[in-house]
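Participant: Residue numbers (our numbering), protein chains in the order written: chain V, 1 to 272; chain Y, 273 to 560; chain C, 561 to 850.
There may be inaccurate statements among the hints.
Computed from the model, here is a short list of chain V residues facing chain Y with C-beta under 10 angstroms [to be verified]: (1) Arg-3; (2) Gly-6; (3) Gly-71; (4) Tyr-85.
By construction, these hints were calculated from the structure, which means they are not laboratory data. Predicted model only: the values in this text are computed from it and were never measured. We put the CB at the ideal spot given by N, CA and C, even for glycine.
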Amino acid sequence: MYRLEGVTKVFDGTLIAVNNVDLKIGRGEKVAAIGPSGAGKTTLFRMLNLTVRLTSGRLWIAGQEVSNLRGARLRELRRKIGTVYQQHNLVPRLRVIHNVLAGRLGVWSLPQALRSLIRPREVDVRVAHQALSQVSIPEKLWARTDELSGGQQQRVAIARVLLQNPEVILADEPVSSVDPTLAHGIVKLLVELSANFHKTLVMNLHSVDLALAYFPRILGFRDGQVAFDRSPNEISDDLLTALYAGSVTGAPPEDAPHAVEPVPSCTPILPS
Amino acid sequence: MPSNPSLAALPFSHRSKSHFPILFGICFAVAFMGSWQLAQIQPGLLFETEGRRNIAKFITGMFPPDLSPEFLRFLVVPLFETIQISVMGTVLAVAIGFPLGLLGTASLAYTGILHEVEIGGSRARRLTRALPYILVRSVLSVFRCIPEFVWAFMFVRAVGLGPFPGVLAIGISYGGMLGKVYSEILENLAVQPSEALQATGASRWKVLLYGMLPHAMPQLVSYTLYRWECAVRASAILGFIGAGGLGQQIELSMRMFNFHEVITLVLILFLLVAAVDFLSAKARKAIV
Amino acid sequence: MPAHPASATTTIPLPPRGRTRVASFLVPAGIAALIIWSWHGTHFDLMSLLGADGRAQMLTYARKLFPPDLSTDLLLKVAYWSLETFAMSFMGTLLSVAIALILVFPASRNLVFSGVLFEVDEAGRPVRLARLGLYVFARAALNLLRTVPHIVWALIFVFAVGLGPFPGVLALGLHTGGILGKLFAEVVEDIETQPLEALQSTGASRFQIFVYGVLPRVLPQFLAYSLYRWEVNIREAIILGYVGAGGLGQQVQIAISLFLENKLLTLILAIYVMVTVVDYLSAYLRRRLL
């Protein structure tokens, strides 16, 4: 499914986020990525879901080399990759159903997308409802997304991935902003979905326990490189300590997307 | 600016910024004195007998205001015209400002997360995407920096007197303002929802439709409504140069020194603006 | 909102009926009706503009505009007129700030008769009535200044003191003074009351509270609004020129009446430059001073 050779990402000419990574992930595999913050996991994910360009190295996704992809072919490949983010990746003012159906945007034409925003088709409503049932919140179909809790919003994000029906699911710290009591539920959900629908699953996790509990293959990342690639029973405490030792403090956040919700600066909205 | 270590040892700090207040003060004083001259300010004129007599004539002429039914009935048409000019002007402004605003949004045109993979470092391609953006921005700038009054003048020459040139003038100059503000609103949106939508394989248009517009809608509508309020006032003013509506009536009445009519017109204008303000405030509250 | 027990094959919830069918139909219909009525009333006729005739006319007109008259003689005069317009907007804005500052004290509810500064107040009825009267008067004055369009003020003052930029300064000053006064008062009425309470408990007089507690808090916002208003005023200064207040506006009117199109284009270019300069200055000052 994924093949990486010497993949590197450098920001602004000086910050090496991902350093010469070689990796192979087969179809249907379940892989967890762990490691300290700033280790380059999120950057790697953003390369794996074709959001960010490689600085050097080569990447194959589903057998296709990605360096010269543009336009429709790029979007087609993106459609095969479903991503669940840590937070803030749903459109808050839309109703849950629209956020779920957004998974189909890669397939729909623009008029279809527009029509669905105004009045979703019966069949789409049914499909969305079904997806929401699988994540256990079917009653939220018409709720406004910003009225849901963090854990519920993550479920909506997963429902969206279900509608997208990709070949691989990437989850970038999907439970780090969620109530710890719910974290297990969500990770388990993703693992089950991946098993039932034969999808590759790559998950970036903050919690080592969750990784060890649910994944047969664990990648340890540190300083932009793969420190180890093992199954849980091969991972000793010493290995983990070494991985997280002297965590790179002061490392700039891995291209943390900025969220600014402000007002236009120029012409004022003044009463007069 | 790093301060010189030897200066830092002084009891008070000498940062290079300290020159600004002095510089500003000087510029202000020069501007003030120069402007006083250029604007030919002579407060004395107001208190001269001639001036005082004229002002008194004006004030006494205003009362009582002309509230006769014939006059009021006569004013219905100009009143409607002013409203109509403001509505059509705003509609035209949105029709112009919205597409241009979209094209002039940097995050849609050529930078930001929506273009990372495609454009990346290729300078040439970045430039070709940036060009239409720059062009659109300049056009919007021309539209909004030339006051509606000048546009109205030119359109009166092109299509004759009446409310139509007023509509065009407001449409173009407000279109420029709307375009700029729309693009600023869109550029300031949170970027994560768009990034997530793009990762599903959606094209830029769909990301715009699903991710950005619903997010921005309250702000876009709110500013548009504010512009409509301004348009009402502007259309009254444009009437002065023949674009119909209440403004034209005010001009006529002033020219004939019928001050009692002028005050009625001003009162009506006041009520109109208050009504529009009220409606627009209600509408804005409902949008959120 | 219909909530059904969670079970995978449950009935699908219906979309929420927030507004009735009729209501959510009325608003777009009403807006559409308003637009159609306005379309009609303004004789909006895109064809006359964009049709073959209209285009030809506009093209001829556009051709007459070019090239702009760039003779040194005219350029010097245009520079002078530009400075005259700039001066009008500058002084007009300053005058408006002065007027607003004078009226903001009596026009702010929390400084005149209500709010925390007056809770423990033993003034008799007549004093309280006088204060209320003062507030009403100040607010009414501001309203009057705002409502009368600046162009009407300009006509009045041209009538009173003759042609030239001076009546323009007065007109801008009064009209904008009303606008700024109201904005300033809103800012003052919105400030937090605790610091004022603290000052009051030290025995400071109301005026002292205003100077030490209120002013420092509101001045930055006042400055911001004033600078924004300057951007608007430079455009309005041009309009006022039409009624005799001098500057570029008056020249535009002359050029159009005398069919001097090349001169008109030069004037338009000067206007564009002037407006852009003021916009930039205002933004720059806002960044620097705030």
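Participant: For which of the previously enumerated hints does the structure constitute a violation, in increasing order of number?
Facilitator: Hints 1 and 2 contradicted; others consistent.
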